[in-house]
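Engineer: The residues making up each chain are set out below.
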Amino acid sequence: MATTYRSLEIVPGETGYGRKYVWQAPVRLAHWINALAVTALFLTGLYIANPALAPNGEAANHFVMGTVREIHFVAGYALLFGFLLRIYCFYFGNNYSRSGFPFVWRKEWWADLRAQAMQYLRLERGHVHLGHNALAGLSYTFFVIFLGWCQILTGMALYSETNPGGFWDRLTGWVIPLLGGSYMVHLWHHTIAWSFVVFTIIHLYIVFFDSHQFRNGLITSIISGYKFYQKGDLDHDRWLS
Amino acid sequence: MSERLPSTYAVLEQHGVDRRTFFKYCTSLAAIMGLEASMVPKVMAAMETKPRIPVIWLHGLECTCCSESFIRSSHPIAQDIVLNMISLDYDDTLQAAAGEQVEEIRKKIMKDYKGQYLLAVEGNAPTRDGGVYCMVAGQSFLDILKETAADAKAIVAWGACASYGCVQNARPNPTGAEPVHKIITNKPIINVPGCPPISEVMTGVLAYILTFDQLPELDRTGRPKMFYGQRIHDKCYRRAFFDAGQFVETWDDEGARKGWCLYKMGCRGPMTYNSCPTVKWNAGTSFPIGSGHPCIGCSEPNFWDHGPFYERMADSVPLPGIEATPDQVGKTLAVLTGAGVTAHLASYWARRAGKRVAGKPVDPENTTGEVK
Ligand code: HEM
Ligand code: HEM
Ligand code: SF4
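Those protein sequences? They're chains A and B, same order as listed. Numbers in my numbering are just positions in the first sequence, counted from 1, shifted up by 1337. Numbers in my numbering are just positions in the second sequence, counted from 1, shifted up by 1.
Quick caveat, the hints were computed from the structure, so don't treat them as lab data. This structure is a prediction, so every number in the text was calculated from the model and none was measured. Treat each hint with caution, since some may be false.
To be verified - Below, computed lysine to aspartate or glutamate pairings styled on DMTMM-like, alpha-carbon distance capped at 20 Å:
no. : chain 1 : residue 1 : chain 2 : residue 2
1   : B       : LYS236    : A       : ASP1506
2   : B       : LYS265    : A       : ASP1506
3   : B       : LYS259    : A       : ASP1506
4   : B       : LYS226    : A       : ASP1506
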């Protein structure tokens, strides 16, 4: 099954590898804000849901739950601003920054999705993409972007409850009656939280697996921005434009 | 209008209430409604000049706890309210008349005060099988509700039943009980939820309607903001223990004795909007959390379906067909995912080992640009 997007024409050097700047700085920054915020949010969220440690003595001398909630909210804001930064990159960044978008109306996208899934199942190298492959893009779109916005919406709605009539109440307060009351918002927020664990397991495994198998500097690409490629690997220009 | 009802003050005067007592009464009413002192004259003027509101008070599928709460009003004592402030012309439980006589009264009010009377509904209507699961005087409550609502000025939905459905429409809701706003859609409805609502809140709502001749400002679920504008949690006197991280773990532990936060005992205070911590119950005596019991969230929609009262979040995930808590589901999915990637890795290694034996490269040469 052939996809129609272009193989890299740049001829790799003597070593057989080429190098290209793929992830621009704001994309990398957004990734790490995102990764740190989600980790902090999940861990503090678990404590909020089931506060295990109980300090003794006067209440006035402690602020354990208060501090954990504060971290959760700061990380929540970080997640939101990380998302906004990433949206900015989507519109003003290079083509790779748009490569994760699920182009469900394009045949090429579906073909790539199938091809990528088969490659993982058959343990074949296949064609490495400089940007995101369709399967990776789909997983980011569903787990991180879609469920991430669900968490931001429900989270901000819960956050707004301490300040009725305030900014977040007017912006996100409608979520509470929509889901059937504050309890249901907590329940959804808590349930969706686990999806980030599922995502992170898959994401880390795939990133390490691919990086090991492709030997294309995948892991460092999200730090340095550069990826390596071999002859036959796929660029994204045609597939996007 | 066929006849003009006397004002509240006129009635109070007839009952021998002096001017000074009347002042006090208006001031406490204003306080309950959360009004500034400068608004007291407005309340007084309303009491003096506005005719009393005729009220029809219907009882559907319910337990009468709303009425029980209402007649325990302390501030403007219930007697004053019931007998003076509003004219409670029809109430199955409180009226003196009985039988057919009573149904005639309802019909008469509906005719004489068409479009002017307030309809207070306690309980809700089962809708399944033509509403046969709640019959009053040979007529289904569903019919009575629709009939009486048709000419009402506005509807006050008392309690969790009328506002949201309460225990009658908890899953699986065998009688198809539905709250008032699901049945009547063309009238202004004010929800005064709670099981029961606080009596001072009930009288406060009526006082507001009388004073300002309009419904108070409502929140997104139709509750008056002045009484349901804030969470229990944000006004709870145990909140310091919550922020400190000091929680009661069992009913008889050290924390329980010290009055720590009831969060881990299933307190619904963080999810519940009501006035309990400020107005309190039984003439300001106490409220559930004040006596060591977690809030059960009785003024929230569908609170009976929100898991066991004494567990924080032990309900099943909000997905059909799955009866497990979010943590059970989450941990299972995490383990399955972990198993999945481990299996993938294992087969990769197995194959690699096999290939190495066969002397073949891991990555087949790939030069064609085709995806196989
Ligand atoms: C140490 C931990 C992590 C490492 C090493 C890592 C590594 C990477 C790498 C190498 C990529 C680029 C993949 C590609 O080229 O297709 C990537 C993308 C991505 N990762 Fe991570 N990741 C980590 C943690 C996380 C976490 C915790 C999350 C969020 C829950 C996350 C969300 C994402 C997203 C959304 C992308 C797409 C980036 C974009 O297009 O903006 N990552 N990650
Ligand atoms: C990946 C994103 C997130 C995860 C995994 C997460 C996780 C959690 C979890 C597990 C809880 C406990 C829920 C419960 O049992 O009641 C929680 C509570 C909460 N989260 Fe998040 N959350 C995320 C994002 C956010 C965001 C963006 C905000 C916005 C500020 C936010 C605000 C809150 C609030 C206000 C609570 C309730 C705290 C309380 O009841 O005191 N969350 N979160
Ligand atoms: S007892 Fe309930 S309402 Fe009070 S602070 Fe604790 S959780 Fe909040």
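Engineer: Next step is simple, just say for each hint if it's right about the structure.
Structural biologist: Hints versus structure:
Restraint check for LYS236 of chain B and ASP1506 of chain A: the C-alpha separation of about 18 Å stays at or below 20 Å, so the hint holds. Taking the CA atoms of LYS265 of chain B and ASP1506 of chain A, the gap is near 26 Å; set against the 20 Å cutoff, the hint is violated. A threshold of 20 Å between alpha carbons decides the hint, and for LYS259 of chain B with ASP1506 of chain A the separation of about 35 Å lies outside it, so the pair is violated. About 14 Å separates the Cα atoms of LYS226 of chain B and ASP1506 of chain A, which keeps this hinted pair within 20 Å; it holds.
Hints 2 and 3, counting from the list given before, are not met by this structure.
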